[in-house]
Every structure is written in structure tokens, then in C-alpha cells.
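Could you slot chain V onto chain A? The hints should help.
2 protein chains.
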Amino acid sequence: MARVVVDVMLKPEILDPQGRAVMGAFTRLGVTGVSDIRQGKRFEITFDGDVSEAQLTDLHRMAEELLSNPVIETYTLRVEP
Amino acid sequence: MARVVVDVMLKPEILDPQGRAVMGAFTRLGVTGVSDIRQGKRFEITFDGDVSEAQLTDLHRMAEELLSNPVIETYTLRVEP
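Top to bottom, those sequences are chains A and V.
In case it helps, my numbering puts the first sequence at residues 351 to 431.
In case it helps, my numbering puts the second sequence at residues 351 to 431.
Everything labelled a hint here was simulated from the structure, so no lab data went into it.
Each hint should be verified, as a subset may be incorrect.
If chains are identical, the list can't say which one is meant, so a pair holds when it fits in one copy or spans any two.
[As the list claims (entries may be wrong)] EDC-like cross-link-like pairs, simulated, lysine to aspartate or glutamate; straight-line CA separation at most 20 Å:
hint, residue 1, residue 2
1, Lys-361, Glu-430
2, Lys-391, Asp-357
3, Lys-391, Glu-403
4, Lys-391, Asp-366
Next up, chain A with everything else stripped away, as it sits in the complex (with noise of 0.2 Å):
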């Protein structure tokens, strides 16, 4: 059984406003020292067996056109132990 974790966040130069609300709430809630807060999107892929080098092939095609929007998003994606 392997785990494939697909991580998707906007890209650095695209506002996110789901951070600056959690940001904002940080702030009022008196947690210092923070400059940034980014929200993503994470994925748990479970296989029944070990992962193919086709389906990480697959699994590629899927995180950019399926799971994220490359124009304005990027993913990551790794094969947990």
C-alpha cells in the first residue's frame, strides 16, 4: 500500500485571501512573529499496491489538470514511505 501526497498552493504572486483572513486572525488573537500566511489544497492518494512509474505519470496529469489550475497554482507531488 503506498501514499502519493499531492500539495497545491497559489503561486507566490497571486493574493490569497483565505491566508490574509487567517492572517488577520492571528494577529487579533496575539500570535506574533508571523509574516505570511498561505492556504492550499492537500490530496492523500491511497494505492492498493506499490505506485507505477505509469500511474506516477497518470498522477502528474492529474494534479495538473485535475487538481490544480496551473494558471494560477502550482502543485507538488511525492510518494510517501
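Chain V alone, transformed into the frame defined by chain A:
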């Protein structure tokens, strides 16, 4: 400059309609071997300097009270190198 990542996922026993929808799309698009997909949230919190013990304690409080709903979600928090 330090970065703390907080991942928030639904508890395993809670139904995840977003993950289910993604899984349905994977199946329709011909990705095989996937047994489960869960979707959650990822927060990237950047600090001006290093993160102190007091700030970490604050962050755990925020992760539990603000970033997640402990009734249905769990969080993991880690300081990235």
C-alpha cells in the same frame, strides 16, 4: 526565516465528499489502482525569524481552535527546515 506547515485532514471515519468526487473523476479518466482519496487543507505559515517554543505553543492552539474543527478534523504541525 522559518516556515511552519499545518495540514488539516478530515478524520478517517468522517465521509469526505470532495475526496470522493476527485476519486470518481480519476476513475472516469482511467487512473487505476487508487483505493482512496482524501482532500484536506494546507497552511504555510512564514515567520520573520526562528520559531520560539512560546510561538509553537501558540501555533498548536491556533491549529486546534482556528485552523481545524477538532470534532471532525485532525491536524499535523511541523517546522520545515
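Going through the earlier hints one by one, which of them does the structure break, listed in rising order? 3
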